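Trainee: Letter by letter, the chains look like this.
Number of protein chains: 6
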Amino acid sequence: MNPTPTPTLPPPYPLQYEPLLRRALAEDLGRAGDVTTDAIVPPDAVAEARIVARRAGRVAGAPMAAAAFGLLDPRVMVTIEVPDGRDAAAGATIAWVRGPARAILSAERTALNLLGRLCGIATTTRDLVALVAPHGARVACTRKTTPTLRALEKYAVRAGGGANHRFGLDDAVLIKDNHIAVAGGVGPAIERVRRAVGHLVKVEVEVTDFAALDAALALGADAVLLDNMGVDALREAVVRVAGRAITEASGGITPATAAAVAATGVDLLSVGWLTHSAPALDVALDVVG
Amino acid sequence: MNPTPTPTLPPPYPLQYEPLLRRALAEDLGRAGDVTTDAIVPPDAVAEARIVARRAGRVAGAPMAAAAFGLLDPRVMVTIEVPDGRDAAAGATIAWVRGPARAILSAERTALNLLGRLCGIATTTRDLVALVAPHGARVACTRKTTPTLRALEKYAVRAGGGANHRFGLDDAVLIKDNHIAVAGGVGPAIERVRRAVGHLVKVEVEVTDFAALDAALALGADAVLLDNMGVDALREAVVRVAGRAITEASGGITPATAAAVAATGVDLLSVGWLTHSAPALDVALDVVG
Amino acid sequence: MNPTPTPTLPPPYPLQYEPLLRRALAEDLGRAGDVTTDAIVPPDAVAEARIVARRAGRVAGAPMAAAAFGLLDPRVMVTIEVPDGRDAAAGATIAWVRGPARAILSAERTALNLLGRLCGIATTTRDLVALVAPHGARVACTRKTTPTLRALEKYAVRAGGGANHRFGLDDAVLIKDNHIAVAGGVGPAIERVRRAVGHLVKVEVEVTDFAALDAALALGADAVLLDNMGVDALREAVVRVAGRAITEASGGITPATAAAVAATGVDLLSVGWLTHSAPALDVALDVVG
Amino acid sequence: MNPTPTPTLPPPYPLQYEPLLRRALAEDLGRAGDVTTDAIVPPDAVAEARIVARRAGRVAGAPMAAAAFGLLDPRVMVTIEVPDGRDAAAGATIAWVRGPARAILSAERTALNLLGRLCGIATTTRDLVALVAPHGARVACTRKTTPTLRALEKYAVRAGGGANHRFGLDDAVLIKDNHIAVAGGVGPAIERVRRAVGHLVKVEVEVTDFAALDAALALGADAVLLDNMGVDALREAVVRVAGRAITEASGGITPATAAAVAATGVDLLSVGWLTHSAPALDVALDVVG
Amino acid sequence: MNPTPTPTLPPPYPLQYEPLLRRALAEDLGRAGDVTTDAIVPPDAVAEARIVARRAGRVAGAPMAAAAFGLLDPRVMVTIEVPDGRDAAAGATIAWVRGPARAILSAERTALNLLGRLCGIATTTRDLVALVAPHGARVACTRKTTPTLRALEKYAVRAGGGANHRFGLDDAVLIKDNHIAVAGGVGPAIERVRRAVGHLVKVEVEVTDFAALDAALALGADAVLLDNMGVDALREAVVRVAGRAITEASGGITPATAAAVAATGVDLLSVGWLTHSAPALDVALDVVG
Amino acid sequence: MNPTPTPTLPPPYPLQYEPLLRRALAEDLGRAGDVTTDAIVPPDAVAEARIVARRAGRVAGAPMAAAAFGLLDPRVMVTIEVPDGRDAAAGATIAWVRGPARAILSAERTALNLLGRLCGIATTTRDLVALVAPHGARVACTRKTTPTLRALEKYAVRAGGGANHRFGLDDAVLIKDNHIAVAGGVGPAIERVRRAVGHLVKVEVEVTDFAALDAALALGADAVLLDNMGVDALREAVVRVAGRAITEASGGITPATAAAVAATGVDLLSVGWLTHSAPALDVALDVVG
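Residue numbers (numbering that gives the first Met the number 0), protein chains in the order written: chain B, 0 to 288; chain L, 0 to 288; chain S, 0 to 288; chain C, 0 to 288; chain V, 0 to 288; chain Z, 0 to 288.
It is worth saying that the hints were derived from the structure and are not from the lab. Hints should not be assumed to be uniformly reliable.
[As the list claims (entries may be wrong)] Quick list of simulated restraints, FRET-style, between CB atoms:
{"no.": "1", "chain 1": "Z", "residue 1": "Ala283", "chain 2": "V", "residue 2": "Gly229", "range": "12 to 22 angstroms"}
{"no.": "2", "chain 1": "Z", "residue 1": "Ala283", "chain 2": "V", "residue 2": "Pro73", "range": "39 to 49 angstroms"}
{"no.": "3", "chain 1": "C", "residue 1": "Ala180", "chain 2": "Z", "residue 2": "Ala283", "range": "46 to 56 angstroms"}
None of these values were measured; they are calculated from a predicted model. For glycine and all other residues, C-beta sits at the position ideal for the given N, C-alpha and C.
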């Protein structure tokens, strides 16, 4: 193998997202297909178009958008100008699309719907990262994602400079209040978990007060989710943890409060609205020839 | 059959959304399942929980959220308190969930992710409808939906009091600028379409000036999409149309401008952000016993 | 884009029919595959074959038949001689098939089964169109199609010169007797529909007498389905409609009666047997080298 | 186990045909569902309907039609009056359908499309069986079936009293002219096959002359397909075979010639049009309450 | 077609095994993909590797292993050195793999898991074949295969020189003790079967004593499964059968007893552990550049 | 929720394994179904059967086997006598199966194939655990599992008392020799990983000498995979680690060497043959009435 020094953001394999794209294209084509284009645009017409960012933002999803065209017609060629993880200025061309006009027009909406959503998440993440990075904190997403789009939305968060929390219920333990109640305390909950899960699974505990925090630390939790604590309490929690666990603040974080939360010294800010409420970036396809 | 007088909002059949729910549950469970709950909560534990609207909003998606629990364990019983299409106050219980605790906790996030998104769309729609209804106009969504969730998101728009535009590329004709350019004018474009599509397919033409509008009307377009016209131009367009076609305004409509656009007399306001950028409604599951 | 003057019949995208072809090939290959060919034909044997119309007919399905070979082995090359929508004489070569002999023999039956069925529908449609076109009427198919083959069978109807009625329950409204009974009359039925469906959905009403016809017209039905009316009644109905709605005759139409029905002045003859009972065209694959 | 004396025609398991039904229902419902029924029929309306044979015929597919309703709403109850394999008189009730009116109306077309097709195949088979049974011959279907419906169509042939030939390329060997040409004769072809296939796989050879027939018999073919032979040649072939192999006539068999072919003493008549060209039986759903 | 003299072991078509490979790759990649490789190996790194047999064995599955790499990245090129059905010495290179390093490392485990299992079955089969072939007997596998891998595992048995018994419940009849009990004897069971199944389906009867054997032979069973008989009884059974049916021994056959069983003159030894308990062959991927 | 003190082994949800079971049942039923049973066993026959362990072993997979019967016919009732994670004596009844005889016989092989495999893995694991547990070490499985059965096979390992290593490429980092070579050392490899993966992902490094071990420890690896080290080296490695990381031995572990490896003080023994080469447990279905 030929080692190279600077890894970039590696996209998922097409095998991972093509089933979603196929379903999305089929959803838009329905049974009768693109009746407007089929009636008007001759099968041998070719076109050149560009995918444009109508507003400035962070790009994510360009390879998936490109794949949407190719799944309708493999002769469509896409050249990406602004790769995932880079910023596009307002009006910038994210990608060129060239080939059979029918396929370009018929796949347009599917490609843009996915691209706009992923760019929206990446842009929202980027903006929040900018607020907290000066304090040495990172931004993390949650499992509050669109059903069946989780892997892509988490990828968009990475494109925005954010970190990924759990991808699902199975890749890390997160002990919440309901679990603690059933187990009869933080201690018994952690003990049950330690007996049950594999040695390569980290354990995080959600705590809302210092007693629970101390219990979690005493039992060797890998991370603590400091939920809905005020800034003062967070600062105190960071002191108590003293590096023994990863500290993660969650609950009520907004662009207005993020810097102050980051300044408490927590390692991460965990934010659900990165994925469940980020507005789409305005992207469009302009036919130029 | 026993006729009854007041049809309510009929939800899709489970056959239509269960495949999505199954994929979403599998996405969250991953390979190893809910390792936290499996380690802590005994298989025979039962729980009672309520799905709560943390903020006020219009409900959409309650039957789908209920189905998510049932797909994990058919013994989970869900009682819907606020049905789709009705408003929930902040703090209101949308539904009660009772049954095996494991399944309730493991399906929680999938159910809430879908419910929060659909309620968000319904609420955003409802609020926009309130602005334009006094002027006799309706609000319509577009095809700018989340890939593979279109039918559910359009259902949420209906739950918010909105109207549905095309569900896909195949259920109506929408002639846009690129089509007109290829055909060599509005007239040839409509003629090609009339020859090609079935007699139960409506034809809408996107126009940006009065010449194109007149051409579309002359050829009997069923609807005209008045794209990015100012309020004055819209008012003039409505006069020119004179009831011969459905008038639909699109482009640059915001909550701030919607009433003025509606006041021009257009039949519909077509708005992409109802589905691509509506923030999720904050919904949660509280275990109460 | 490069506009061209003469659009031909655009086929569906492979993405739309490849899943059906994959299932059909897997159905024929079963678990053990083509045991006869595998035992006898060496993997490196190549063959040249032609797909022949044993009887004269209208071609539909050639691209799908070609795709069947390619899905088994992408090295199989197919050259279509008679494209969809054109007539093949008895004995004519519809397509040449060249490549690995194993794949050609193993995909043969799947390709021919689909091609024969679609050509059969196209041919039956063509023959009926020939009877009614002199009277200015069109032929339309129904939803009486083979389960899961609807889009392809409707495409075959278009290849035969016919028009497509609804593709499903969702792309147009068709109010039938049962709906009218529940609603308590044609009027209330149309009103309920107008409130519920989008503005780009046409409304057709099935009527069997003039009272219902008048009610449907008064409420602005886009089309009327004149069901099981005699020729005299149809003629009278056309006069009453006077161009206010599309008129469509259905029920009991046969090749023997079609011309007389068309002569009544109706716009369309709607015929279920185009798709549910058209005999397959006899097509075969002859290995020539 | 409790042995019982008279096995009837056992239907496939729902697991085998439900995926097809789900695809077919989704095909008809599309994205927006049954917009007519949803607009007019209240969710709590119930109905009683009967599935009627408009013309006399042999029933096949009743359990599958019943399952279609149940897949939309499990509360729909179906009572089968004429089970598969029995004859229905014109006007006879094949089944009663009772339950939620919405689901009954929305599943109607899918259920009838499948039922009409399978009854059509069963009826066509039954009528051919009646012609040849007096001569001691049986009727067999071929692999010329509708893509993805093979198992159901072969089941319909059994319901009509016919026999099933191969279900696919893998459950028996059928050596045809192309195979013989590649192998360099009937003998080498059979030898290659014997080396390759399992001991529970029968070998049939398609022959068109007596030399090939004798070669096939000499090598122990289990069955011979006597293709496109005249009645005299068939009679001579049966004599030559002398019970050493199953004899099967194919090619050019019609209702007019079937009895004469059967009278030659062949064991089976193999007929493609049982499945590829049988007209559908006219079945309908009448709402009665 | 160009006839060639020496057919080799034809592999299944990719259409038949790619769905399994896609599911297997998705299973290993999970949601987040190969996080280790993605973090360390640059997207443009290329590598050359060889798939090595750590121990000597019979190869099966090389095309499927090769396809696994191609499904992640079509630029990966695989050159097979030891094709299926041939022996690999310990340390031998089964195949070379060249292309993008990321895809090679990410697909490695999936490719090897399948290859190791299939080679294990082929090797186990080969070794058993070597024991019984001198006696003129063949080795056959059973339906005791890994769920959803049956066709590939039976292919591996063929690669090992073994024969395939039934591929499923539908391609041959096998009457067992429970069937005989229900029918009330071997005779009635065979009669019921003859009436029900097609003429190209063979009938085998499982017998454990001579009375049942004689009954089966009298009714023309194509094969008899001599279950759990001792060597003396098998020898006697072969004499009684006298070539009228295929004889197959099953039950309690081990490498230690196989030669003695084969020496009784039975045609086949049927062995479940070829597929349900064969240890995997140790295969590995060594990166060499 | 009602807390209970003793959690048992929670099985996956049916939603997670039913797709596999459906594919497996369809694989065995093929197109024509269970032709033997369908011909002989009347549809209304009922049976009672028991699933028996022919040899002693640890049970795993009983709920999945039970579900196989229910998927063919929901009237089949299964009562599990020896639940997953418990030992069955030779001859013991693992479960009772009662209901329609057809479904019981047709699902038998699918149910047993899965059960036998999973019990085989559980039993092999149990026996290895017994050897190493006295030394305080645990047994872990690897990713060397059957394609598409990983989650079930890892569940069987847990039923045998073993621990689970990674479930896939995405739930933990495992840096191997190829990664280290590309990165240019253990240090750079770990650094790249730390930058890229989420904070809830553990990092394990495969090492074969003390230099690499020390580097991994210095950079805070969560676990070290001590590959192919001798017993003396392992003992020394455990001393060097001194509790700073989880220690895992792999390579060349057999039942004969396991105790000695465990005695070195490593935390885990990682063993591929638990899943890729465990012989199936001999399980059978005996009809008893």
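Trainee: Each hint: holds or not?
Mentor: Here is how each hint holds up against the structure:
In this structure the hint that Z:Ala283 and V:Gly229 lie 12 to 22 angstroms apart at CB holds, the actual value being about 20 angstroms. In this structure the supplied range 39 to 49 angstroms holds for Z:Ala283 paired with V:Pro73, their Cβ-Cβ distance being about 46 angstroms. A beta carbon spacing of about 49 angstroms between C:Ala180 and Z:Ala283 agrees with the range 46 to 56 angstroms that was offered as a hint.
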